[in-house]
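Student: Produce the complete structure using the sequences and hints provided.
One-letter residues, chain by chain:
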Amino acid sequence: MKTVFRRLAPVALVATGACFATSNDVKLLQLQIDSMRVATVRSDSLHAAQVNQVIATLGLVRDSLGTVSGHVVKMQGDMRGDLHDVNEQLLQIQQLTGQSQNRLQELRASIEQRNQDMGEGAAPSPTTGAKGAAAAPGAAPTGAAPNAGEPGPNQLYQLGMEQLQRGSPATAVQAFQKLLQDYPTADITPEAQFYLGEAYRAQGNAAAADTAYAMVIQKFPKSPHAPTALYKRALYLEQQGNATAARALLNQLISTYPQSDEAALARDHLRELK
Amino acid sequence: MQLTQRLITCAALAACLGVPARATAQQQDTTRGVRIGLTYQPGTKPGVVVFPVSGAGGDSLQAIVSRDFDYGDRIEVIGGDAVQETARQQAAKNAVDFTIWKSLSAAAVVQISVTGSTAHVNVYDVSAKKVAASHDVPLSGAPNTEDWRMSVHAMADQIERWITGVRGIAATRILYVRGNRIYVIDADGFGEHPVSEPGTVLAPAWSPDGRTIAYSELVRTGWNVVIRDLATGREHSVTTTPGGLNITPAFSPDGQWLCYAHGVENGTDLYMASASGTGAARRVTVGRGSDNVSPTFSPDGARLAFTSGRAGHPEVYTSDVDGSNVALLTPFNFGDQNYRSNPDWSPDGRLIAFQSQLDGRFQIMTITLRDQTVKQLTSEGINEDPTWAPDGRHLAFTSSRTGVKEIFVLDAESGRARQLTHDPGARLAAWSHSTSAP
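In the order they appear, the protein sequences are chains Y and C. Our numbering numbers the first residue of the first sequence as 13 and each following residue consecutively. Our numbering numbers the first residue of the second sequence as 18 and each following residue consecutively.
Where hints are given, some of them may not hold.
[What the hints assert, rightly or not] Far from chain Y by the CB rule (all over 12 Å, computed), these chain C residues:
id	residue
1	S83
2	V148
3	A150
4	R418
5	G442
[Claimed, not checked] Computed footprint of chain Y on chain C, listed as stretches where at least three residues anywhere in the stretch have a Cβ under 8 Å from a Cβ of chain Y:
id	stretch
6	248 to 259
7	317 to 328
8	337 to 349
9	378 to 391
[Said to hold, decoys possible] Just a few of them, taken from the derived set where beta-carbon distance is under 10 Å, the chain Y residues facing chain C:
id	residue
10	H96
11	F206
12	H237
13	Y243
14	A276
Calculated directly from the structure, the hints in this document are not laboratory data. Positions of the beta carbon are idealized from the N, C-alpha and C atoms, including for glycine.
Tutor: Pasting the structure below:
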């Protein structure tokens with residue numbers, strides 16, 4: 013029996029030994045677990061702090077981007093507004109320039125008239141073209157320059173415009189034709205060519221007006237009246253029942269003078285013709 | 018004895034007339050009528066005596082004719098009790114004593130007698146001492162009815178043409194807006210009545226024959242252009258550009274076309290449509306986002322004038338009727354914040370009337386097409402929306418000079434103004450085109 017107890021004693025010790033070790037080990041284990049938890053929590057806090065920092069940074073970046081975007085939008089708006097203002101001012105300047113040119117035109121005609129009155133013959137201003145330029149005050153007219161006492165190009169143009177505006181297109185036609193014949197290279201010639209067409213139109217001579225407009229396009233394609241002449245030709249051809257030719261001229265107008273008002277009207281018109 | 022009586026009568030008449038007689042005498046050399054063999058000088062007024070009228074409605078007829086001459090601003094009506102008494106005596110005897118009238122600087126004597134529905138008119142040339150014109154003129158309706166008054170106005174206009182060479186404007190009418198309706202009124206301020214149903218209406222315009230009118234009306238889908246037959250009251254909308262803004266219509270001189278402003282979100286442009294309201298409308302301005310409104314045709318129908326904001330603020334522009342050849346008409350200084358708008362082309366084609374902002378107030382001005390010379394016509398109160406009379410001399414416009422908006426008529430030559438309407442809130446006048454039968 014004693015022998016049995018002796019033999020069972022180590023087994024019992026081993027068996028209960030675990031029970032004795034468990035209490036301490038559990039404490040240790042708990043401590044270890046607690047420390048691990050603390051470490052994990054610290055790690056999580058750190059990570060959370062880092063995430064928060066990243067989020068905050070992202071927020072700052074987003075706000076900055078929003079601010080920048082706002083600035084950009086505002087700047088775009090301001091630039092558009094400025095551009096619009098500049099465009100309007102340019103338009104104003106163009107229109108005022110046009111008015112000034114009208115005044116200059118009147119002044120040139122007056123100067124020519126004065127020179128004529130002073131007996132110096134037709135002495136057009138230096139801007140009156142090849143013949144006019146040769147016929148400076150004191151200089152003898154050359155080539156086909158008008159005889160002394162004959163009106164200069166600006167006088168003829170002024171006369172034609174006045175007659176056209178007062179409802180005497182026949183007289184206006186004569187004035188413009190004489191200008192074109194006597195001063196084919198004068199600065200005012202493209203204007204005269206266009207208003208010759210207007211005078212014919214006022215007379216009710218649509219075919220002659222169309223021919224005059226065609227000459228504007230052919231001879232003076234850089235004249236501000238060229239797109240107008242092209243548009244009027246297209247309308248005339250349409251009235252004549254030639255829609256194909258009218259369409260071709262409208263397309264030519266759009267491609268050659270895309271920024272002109274007449275090109276915008278031509279685009280509308282093409283939609284109707286189709 | 019007769020000579021003595023005549024001299025006494027002359028002296029009495031001259032005394033009664035006082036300063037006006039002397040003033041008229043100063044014009045003696047120049048106040049002479051074209052149709053009575055003399056030379057009429059613009060800016061002067063031939064003196065005319067209108068005899069008492071015999072027949073039904075004679076007193077009213079004489080008053081209307083005399084007032085029409087006065088409002089026409091081309092004739093000086095020589096009046097007063099003594100003049101009328103002398104005229105009455107001569108009319109009774111059917112004998113015109115030219116010596117008396119010549120002493121009063123009269124260029125012509127007008128004698129009218131009514132028989133049934135016909136007025137017989139004699140116009141005497143005082144200097145030549147003979148009848149210068151003698152005509153029978155039909156009168157419509159019973160005395161003092163609307164038709165009768167208009168036929169008397171037409172007769173007065175014809176007499177004015179015989180005397181001065183220029184037809185009068187009495188037989189014309191003026192449209193205007195007051196409250197929520199469009200009204201029409203005779204050029205002498207009588208016969209006012211509404212010609213549209215109640216609603217929100219704007220910008221009335223006459224057709225050239227005076228039979229129809231066009232105006233803008235606010236409906237559920239926006240502003241429509243409406244054409245109304247004045248005789249039948251029948252209306253139809255111009256639906257070529259449905260929805261949005263359709264305002265400020267104007268008939269072409271041949272009455273075939275209607276030009277009006279059609280607005281969408283991206284600006285307002287002028288469109289040309291058939292006056293019958295059928296077919297597609299064609300754009301005639303390229304505003305590029307700006308507003309282009311208030312078209313007016315040149316008398317030959319070949320050009321348009323209109324208000325455009327394309328340069329940043331409204332100015333008056335002209336273009337060909339097809340929309341090409343656009344040109345700035347009203348001059349302005351760079352950066353000028355005042356603006357000019359609401360043009361109306363004069364019947365003779367020489368001038369365009371418009372409203373111009375001066376120190377925040379609108380005034381009526383004209384500009385010549387030939388050399389862009391600007392002339393200011395008004396300065397009292399706020400004056401807007403000019404419209405030419407068919408004689409190209411008178412203008413009707415909205416004025417606040419009395420404290421409220423009323424329609425006034427101005428003689429552009431003499432500067433004489435008279436109030437046409439007498440109910441507050443009258444505005445947006447449009448004078449009929451025809452001088453014969455509006």
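Student: State for each hint whether it applies.
Tutor: Verification of the supplied hints:
no., hint, result
1, S83, "holds (35 Å)"
2, V148, "holds (35 Å)"
3, A150, "holds (29 Å)"
4, R418, "holds (32 Å)"
5, G442, "holds (35 Å)"
6, 248 to 259, "violated (count 0)"
7, 317 to 328, "holds (count 4)"
8, 337 to 349, "holds (count 10)"
9, 378 to 391, "holds (count 4)"
10, H96, "holds (8 Å)"
11, F206, "holds (8 Å)"
12, H237, "holds (8 Å)"
13, Y243, "holds (5 Å)"
14, A276, "holds (4 Å)"
The structure fails hint 6 only (numbered hints given earlier).
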